[in-house]
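The opening position of the sequence shown corresponds to residue 1 in my numbering, with each subsequent residue numbered one higher.
Hints were generated in silico from the structure; no laboratory data involved.
Mixed in with the good hints there might be a few duds.
What the hints assert, rightly or not - Cut-off 20 angstroms, straight-line C-alpha distance, at most; resulting in silico cross-link-like pairs (DMTMM-like, lysine to aspartate or glutamate):
1) K112 to D26
2) K70 to D251
3) K177 to D200
4) K75 to D246
5) K75 to D251
6) K177 to E193
7) K184 to E12
8) K153 to E53
9) K170 to D54
10) K65 to D118
11) K75 to E53
12) K117 to E64
13) K177 to D151
14) K184 to D149
15) K153 to D61
16) K112 to E64
17) K77 to D61
18) K75 to D168
19) K117 to D61
20) K65 to D54
21) K77 to D205
22) K77 to D246
Claimed, not checked - Label-pair distances were calculated between CB atoms; the ranges are:
23) K65 to P165: 37 to 45 angstroms
24) H173 to H152: 14 to 22 angstroms
25) V108 to M199: 17 to 25 angstroms
26) E208 to K77: 24 to 32 angstroms
27) D185 to V119: 17 to 25 angstroms
28) R84 to S188: 14 to 22 angstroms
Ideal Cβ placement from N, Cα and C applies to all residues, glycine included.
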Amino acid sequence: MPTPFYHIVIAEEILDNSRLNASVHDLLFDCFPAFLFGNVAPDVQSISNYTREDTHFFSIDNVEKNVAYKALLSKHKELSNARRLSPVRSAFVAGYMAHLLLDQAWIVEVFKPVFGKDVNWGEFRERLFLHNVLRTFLDQRDYDRLPSDIDHKFALNLSATQWVPFIDNKDLHRWYKFVWEQLKDRLSSRTIEVFAARMDMEPEDFEEILLDDTLMEQRIFSRISRIRLYEFRQRALDNIIVMLNDYFSPDFGRV
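Make a model of the complete structure from these sequences and hints.
So, in structure tokens, the structure goes:
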């Protein structure tokens with residue numbers, strides 16, 4: 001549920017985390033473009049005909065039924081043993097798993113209890129809109145934090161590998177190009193444009209709140225505080241580090 005640029009900044013923070021095992025750090029560093037793209041690849045659904053269940057391995061309405069990254073590895077066992085994959089492909093899968101863990105945690109801890117169908121403030125459409133305003137706010141913050149060489153870090157030859165068996169490489173390439181073009185020009189993300197079109201609204205409807213600190217406090221941060229969002233991010237990062245250390249451990253996925 002966080003936007004691509006939130007995921008990309010998280011990927012940078014993963015690599016800088018001292019609790020990431022040295023061998024895992026070295027592999028992800030050497031294959032960082034693949035790891036970065038893995039961190040945004042599941043959202044290929046937004047420009048294709050895949051469903052959330054196809055790419056994320058959970059549904060929003062039944063989000064706690066399973067652990068998404070475990071469901072991925074269970075359904076596609078050839079991805080479960082990182083040592084049997086090429087380094088670049090294992091880095092991509094690791095990034096993909098990080099995305100799934102973060103998205104699932106966001107829905108459980110942020111979306112459903114604050115903006116979901118069963119919450120008793122406002123109309124559901126209003127809550128969906130304000131949820132997208134929040135996602136855009138975080139997106140803009142993280143877009144501005146991207147390193148100046150992020151387009152080079154993201155540079156990847158997608159045709160060299162069949163990345164995952166459940167997404168066509170042509171669709172991945174279209175999604176990669178959509179994200180990379182926003183990284184390359186460094187002018188602005190297209191997140192407001194995408195969300196506005198999805199909700200049949202105007203970008204100005206988002207900007208009216210985003211550009212007004214008082215409205216942001218009244219309509220967003222009165223529902224979920226900045227501290228709570230920070231704590232969510234740190235908790236998710238901690239859990240991703242544990243997951244990645246496990247995934248690359250010698251015994252994980254061994255048959």
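To see whether the hints hold, each was checked on the structure:
A C-alpha spacing of about 37 angstroms is found between K112 and D26, which places the hinted pair above 20 angstroms, so the restraint is violated. This hinted pair checks out: K70 and D251 have alpha carbons roughly 15 angstroms apart, not beyond 20 angstroms. Between K177 and D200 the CA atoms are separated by roughly 25 angstroms; this puts the pair beyond 20 angstroms, and the hint is violated. For the given pair, K75 sits about 18 angstroms from D246 by alpha-carbon distance, which is consistent with the 20 angstroms threshold.
At most 20 angstroms may separate the alpha-carbon atoms for a hinted pair to count; K75 and D251 meet this at roughly 19 angstroms. At most 20 angstroms may separate the alpha-carbon atoms for a hinted pair to count; K177 and E193 meet this at roughly 17 angstroms. Between the alpha carbons of K184 and E12 the distance comes to roughly 17 angstroms, so the proposed pair stays at or under 20 angstroms and holds. Among the hinted pairs, K153 with E53 is inconsistent with the structure: their alpha-carbon atoms are about 29 angstroms apart, more than 20 angstroms.
For the given pair, K170 sits about 16 angstroms from D54 by alpha-carbon distance, which is consistent with the 20 angstroms threshold. A C-alpha spacing of about 18 angstroms is found between K65 and D118, which places the hinted pair at or below 20 angstroms, so the restraint holds. Pair hint K75 plus E53 holds up; C-alpha atoms about 12 angstroms apart against a cutoff of 20 angstroms. Between K117 and E64 the CA atoms are separated by roughly 15 angstroms; this keeps the pair inside 20 angstroms, and the hint holds.
Between K177 and D151 the alpha-carbon distance is near 11 angstroms, which keeps this suggested pair within the 20 angstroms criterion. Between K184 and D149 the CA atoms are separated by roughly 9 angstroms; this keeps the pair inside 20 angstroms, and the hint holds. For the proposed pair K153 and D61, the alpha carbon gap of about 36 angstroms is over 20 angstroms, so the pair is violated. Between the alpha carbons of K112 and E64 the distance comes to roughly 11 angstroms, so the proposed pair stays at or under 20 angstroms and holds.
About 26 angstroms separates the Cα atoms of K77 and D61, which puts this hinted pair outside 20 angstroms; it is violated. The straight-line distance between the Cα atoms of K75 and D168 is roughly 17 angstroms, inside the 20 angstroms bound, and the hint therefore holds. Taking the CA atoms of K117 and D61, the gap is near 9 angstroms; set against the 20 angstroms cutoff, the hint holds. Between the alpha carbons of K65 and D54 the distance comes to roughly 15 angstroms, so the proposed pair stays at or under 20 angstroms and holds.
At most 20 angstroms may separate the alpha-carbon atoms for a hinted pair to count; K77 and D205 exceed this at roughly 45 angstroms. Restraint check: the Cα-Cα separation between K77 and D246 comes to about 16 angstroms, which is no more than 20 angstroms; the hinted pair holds. Separated by about 22 angstroms at the C-beta atoms, K65 and P165 break the suggested range of 37 to 45 angstroms. Range check, H173 to H152: Cβ separation about 18 angstroms, and the 14 to 22 angstroms hint holds.
The hinted window of 17 to 25 angstroms between V108 and M199 holds, with their beta carbons roughly 23 angstroms apart. Evaluation of the 24 to 32 angstroms hint for E208 and K77 yields a failure: the beta carbon distance comes to about 49 angstroms. Checked against the given bound of 17 to 25 angstroms, the beta carbons of D185 and V119, roughly 38 angstroms apart, lie outside it. Between R84 and S188, the C-beta spacing of about 41 angstroms breaks the proposed range 14 to 22 angstroms.
Of the numbered hints given earlier, the model fails hints 1, 3, 8, 15, 17, 21, 23, 26, 27, 28; all others are met.
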